[in-house]
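Asker: My request is simple: use the sequences and hints to build the entire structure.
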Amino acid sequence: MEERQYDLIFICRPDTPEPDIDKIISTLEHAAGEKGAKIEKTEKWGRKRMAYRVHKLREGVYVYMDLRSSHGEVVKELERRLKVSDPVIKYLTVRVDEELKRQAKLKRHRERRAARRPRKTAPGQGAPSGAAGGGERAAAQS
Amino acid sequence: MAEENVTRQPEQPAPAAPRPQGGPGPGGARPGGPPKRGKRSFVRKKKVCRFCVEKVDFIDYKKAEVLSPFIQERGKILPRRMTGTCARHQRWLTVAIKRAQNIALLPFAAEL
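Which chain is which? The protein sequence lines are A and B, in order. For the first sequence, the positions run 1 to 142 when my numbering is used. For the second sequence, the positions run 1001 to 1112 when my numbering is used.
Simulated from the structure, these hints should not be mistaken for laboratory data. Just to be clear, a hint being listed does not mean it is correct.
Derived DSBU-like pairs: lysine-lysine, alpha-carbon spacing no greater than 35 Å straight-line [stated by the list, open to error]:
| hint | chain 1 | residue 1 | chain 2 | residue 2 |
| --- | --- | --- | --- | --- |
| 1 | B | Lys1045 | B | Lys1062 |
| 2 | B | Lys1062 | A | Lys41 |
| 3 | B | Lys1098 | B | Lys1055 |
| 4 | B | Lys1098 | A | Lys107 |
| 5 | A | Lys83 | A | Lys48 |
| 6 | A | Lys35 | B | Lys1062 |
| 7 | B | Lys1045 | B | Lys1063 |
| 8 | A | Lys44 | B | Lys1098 |
| 9 | A | Lys56 | B | Lys1098 |
| 10 | A | Lys90 | B | Lys1098 |
| 11 | A | Lys56 | A | Lys101 |
| 12 | B | Lys1063 | A | Lys41 |
| 13 | A | Lys83 | B | Lys1045 |
| 14 | A | Lys35 | A | Lys101 |
Selected chain B positions facing chain A (Cβ under 8 Å, derived; list incomplete) [what the hints assert, rightly or not]:
| hint | residue |
| --- | --- |
| 15 | Lys1055 |
| 16 | Asp1057 |
| 17 | Phe1058 |
| 18 | Lys1076 |
| 19 | Met1082 |
| 20 | Leu1106 |
| 21 | Pro1107 |
| 22 | Phe1108 |
Note that CB positions come from ideal geometry on N, CA and C, so glycine has one too.
Answerer: Okay, structure coming up:
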C-alpha cells in the first residue's frame, strides 16, 4: 500500500521537565518503529500560549512529529499511548499526504502554464512599451 | 409531426416574447433610479482572494498567524463575502482553521 503521511502534534503540561518530553518522544518513536512506521522528523515548538484553556492551563509545550506509515494502525497505537501518558494534555493526528499530493499537482500545473505563458504575454508587453515610447515622444515634443 | 412542430414553435416564442418586454419593465424602473445614483456614488473596491494573489496551493493549519486574519474577534470564521476569498481557498481555509482550533492554535470562542 502506498505510504501515508501524518502530522502528529501533542501538547504537554508546561511544568513537564525536558527529559520527560524526550522520554515520550522516544517511546513514540519506538512504538512507531515496532508497527513498521517511521518518524521522519520531530520538532519541539516549545512553550506556547494556547488559544483556550485546557485542563485549566493556559500554556503548553508543543511537539510536532512527521509520521510516515503504510497503514493507520500506528496512529491508533500512538494515540492510545498519548492518551495514557499523564503529561500530555492534548494531541492531534492529521493525515496530510493527500493534500500534499494535491499541492504538488497544482504546482506542476502552474509551472506548466507559466512555461507556456511567456509566448502569449510577450506581444502584450511589447504593445504597452510602444505606447509608453509614444508618450515619451509626446512629452519630448511639448 | 411537422405541423406540430410548427405550431409549438410559435407558441414558445409567444410566452417568451412578453418576458423580454417584462424584462425592460424592471429595467425601466431602474431608469427611475437615476436620482438614486448620486447616493450610490461610492465605488466598492473589488475584493481579491488573498491566497490567489500569493498563489497558495496549500493552507497550512500549523501557521496560526496566516489563519488569524480570517476569524472574527470572538473566534468565528469570517464569511467569504467579508474577506473576498475565493470558493476553493475558503474551503481549504475552513478546514485549516478547524484543525488549528482542535490543537488550541486558534480559539473556538474567545474567552471573556
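Asker: Could you work out which of the previously given hints the structure breaks and list their numbers from low to high?
Answerer: Hints 11, 13, 18, 19 not satisfied by this model.
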